[in-house]
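Colleague: Take a look at the letters that make up each chain.
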Amino acid sequence: MAEKIELDVDLASVRDELKQMQTELQKTGAEGTAVFKDLVTDAQAIAKAQREVTEEIEQTTAATKRADQATGSFGSRVKAAILDFNVAGKSLAEWGQQGRNLLSFLGAGEGAVGRFGGAFKVLGNIIKLSPLGLLAGVIAALIGYFTRFQSGIDKVSQVMSGVSAVVNVLIERFLKLGSALVNVFKGDFVAAANDVKGAVGGIGDELVRAATEAAALEKRFQELRDASRTASVEASRLKIELEKAKQIADDTNQSYYRRIAAAQKAAEIERKLADTALDFAAERLAAEQEYFAQNKESGDARDRLAQAEIEFSNAQIERNNVLFSGEQAIKSIRKEAAEESKKRAAEAKKERDDLLKDLEKLRVAVQPPGSEDRAVAEVEKKYADLIAVAEKNVAKLNEIGSKGALNQEQIAQREEFKNIIVALKQQELEEIANVLTEFTQKELELEDARQREVEAKRRKDIEGQRQAVEDIRDIEESKIALAEQEFQNYIKFLRSSGASKEQIAEQELEFDKAIKQRRLQNALETQEKLLALTDAGDTATIEKLKNSILKIKAELEGLAIPEPKQGDKGKDFLGELGRSLGVSEENIDTFKKGMLEAKDFTISTLKEITAARTEAARAAVQAAEDELMASKEKVDSAEDDLDRELELAKLGFASDVTNAQERLRVAEEEEKQAAARREKAIQDQKKAQRTQILLDSVLQASNMITAATNVYKGFSVIPFVGQILGIAAVGLLIGSFIAAKAKALQATKAKHGIQGRVGKTGIVAGPSHEEGGVPLEVEGGEFFYQDGKRISVVKKSATNDHFGLLQAINADDRPMMAHYLRKLTGGISRDQSIGARPSSSGSSGSIRLSDKETHKLLRENNELQRKLLAMEEDRESVYDMGDYLVIKKRGRSERLQKRKSK
Amino acid sequence: MTKLSDLQNRIDNVIRRLDAELEVQAAKAGQDIVALITNRVVQRGETAEGDKFTPYSTTEVPAFFFLGRGRTTGSDNAIKQKAQKKEKVSYKDFRALNNLNTTPKNFEFTGEMWRGFGVIEVQKTASGALVVIGGRNTDSENRIKWNSEQEKQSIIKPSKKELEIVTANLSRWLNNLINGRENRT
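Chains as they are written, first to last, in this note's numbering: chain A, 1 to 902; chain B, 1001 to 1185.
Cross-link-like lysine-lysine pairs, in silico, DSS-like; alpha carbons within 30 Å at most:
#, chain 1, residue 1, chain 2, residue 2
1, B, K1152, A, K4
2, B, K1160, A, K272
3, A, K4, B, K1028
4, A, K546, A, K460
5, A, K331, A, K350
6, A, K335, A, K239
7, B, K1088, B, K1052
8, A, K4, B, K1145
9, A, K350, A, K381
10, A, K479, A, K492
11, A, K219, B, K1124
12, A, K796, A, K867
13, A, K796, A, K686
14, B, K1082, B, K1092
15, A, K4, B, K1052
16, A, K4, B, K1161
17, A, K219, B, K1160
18, A, K686, A, K634
19, B, K1161, A, K219
20, B, K1160, A, K4
21, B, K1124, A, K19
Please keep in mind that the hints were generated in silico from the structure rather than gathered at the bench. None of the values given here were measured: they were computed from a predicted structure.
Modelling step: build the complete structure from the supplied sequences, incorporating the hints.
Modeller: In structure tokens form, the structure reads like this:
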């Protein structure tokens, strides 16, 4: 990241100018060398002339005074020549001629003085030796160079201005040469030399200063000229814009806004042009003032200054005029716009007035025909038109009067018109009053008709209300009838729940009383409503209703059942329970919520605990069974070992029968202990199962709360006594539940159930669930088995004999079942006593069975195996999948959807 | 009285010195403008047009961004504490922690960039001289470039007035050279 910075000091042009100047100086130097050669020659001539002049002066002492006078005349002539010489800016040819004429003048002076030819020669040499002579050469060279090129004109002009100033200085100095000349003429050459020295000394610096100032001024004029040219171009462009703006400002088809904007723009352009002109005039004036200061003796400078001042004044005036005319143009357009706006406003007002008139007409027209407003509007319009005619004529006469005096006839006419206006207004009022009176009369008639309609409607409404009262009464009667029906159901429920006859009779009595009171109350309310609807004038009906009300009230008092308190409706079972426990009314809701939360928490906790206990018990049983099974395996193994040792002993080989028998004994002992532990685990499992039953009871009790709540709500619809009956019914319901539960628990203690029995197959026979099912309690030592549909109980003795087989079946452990079957159906029976003894016959000692028995056992065994396999194939496996059951049989599976509990 | 040969000699001398000294004078002018720009931006925080640069960022970033970048051990410790607390700081806050100005923006933190800012190249041209200013080392150059891109303008652009000053100085030297008034630049 870098920044490039151009430092522009116009170096090229400076360098070029310097080089050009150097070139010119070189040329000038060459010419100057030639001049100096002449000067050397002239200096020698001067020395010679000095001597000659000295001699001549000595010889012509007498003519000194005359020479002095001649010198004065010569001085005047020289001064005149110098004044002419002072004019700068002349043509180059004039300048050269001017230089040449100088010596001619001096020559003329010599001629005038006659005797001073030598002195003039000296003067000429002095002039040649002076800077003026040198300057002439330099000027000639510079002019000669610069005038060759058009582009150098400005430079030449600047140089010439400087030269002019230089010449002025030189001339002033030259005047000092006059005194030198006098001294020469006096013969005082030392003084003359000093004068010459004084005239020449320091002239360089002064020449530079004068030349610089003059050149700077000329440059200022040139810059002014250049700026003027540039401004002219800009002014031309602005004038084009000015013309456009003026055209827009003068164009009446344009909007005033645009015209004003254009006029402002035109004024701005004109002001800008005037400002520019004024600036140039001021600059020109300043430059001319400076020029004049440098050329005070010049008439031309004075004329130019005067002209510049005039132009400056004119520029000021022009600028003021421009400002004024610009403002005037804008004001003119604004005035025009204001007049136009005023005109349009007047037109708009006229349009509005016309519109109002039209609106007035239309308002009358849109009033409903025959309406009061229409009639009044028509009257008003009629008179408004007439009054407008009269007023128009009055205005016309007033206008005539404003232009000149009215005659008597016209005055009379105007008065008549005014009177007519008054009369018309009076008539208008009267006519409007008539119209209003007419319409008021009509309205009164309409009001009467309306009142009659209202009365008829009122009577109709009263009749409707009476009908509504009777409908309400009928609805209440229907409710009472429904309550009676509900009550009958309730009584049936009580009977089925085991309520006593006395309890039922008491309930029926209370209910009858309540129903009677409700009917009377309904009748009372109906009569009171009818009384409220009866007209005050209908005294007979009122009297009749009042008597009826009194009679009903008397009957109600005879029943003496307290009327229900307001707000009793809607109280629930838990609320009533809370109140009965002394819970305050404001804490009832908290109590109810707490009860429900406690119930949920208790049930949830009980469920978890019971499930855990049941699972633990089941696991313990499983572990005990596994242990037992392992013991049996060991026993089997020990038996096999013993058999092998016996076989070896029988064959005469060395054997370890005794140890084998010991190991068998130990294994059998372990088996017995494992069996005992299994028994204990089963007992614990039963306890857990009982706990489960108790939990189910709790859950049922919980459901009972819900049921009780529902019962309570149901009875609450019964008027008056509903809540009391509801509480009583709930009490009975809970009592019935507890009794039923007690019976159920009692039933579980029965060996074979109360209503059911266990058949020979082990399958329970008894009533279905709908009929109460068969409560079971399994005795210790019995085998209880169920497959989801059926329950089988194996007798204690059979369980004891075939527990291993039952366990194998229960675990679906087919190899184990086969093992037991082998044991049951054959295998080689061991007779330890025999095995321990060698055969007495001396034979091989074989204890083999006969082939017949063997064949029989094998056949039976095969048959059993076949049946077992067939049973296994037919066996249904049921898997609980949560929402449904999967039943598998013979490789096929069926899905059975569970019924949703209500 | 001045001799013609003196005048010629003087002109020769002027031309010769013009060629010989222009580059030196342009370099001086470049140094002048570098000083003027540095003073303007660092002291006053102004653009070449006299406006202010964009303010220092107040967008907060995790303090650990500034870890080890402070000018002092104290500021580094302060940043470290904030980083440990998982606090956020803005660059403006970071400058404040380093006891630096937070407004106006002057692009000075360690000062390395401005120390590296100077005249890179000077060339003579037809009309005068071309001076190239910028970062004299890679680090300074990159920082100037990055900051200029962020500001969407050159932060080392000279103002019109600064250019006028140095151009006027050069012109004065030229005039003095021509007029024989030496050693007055």
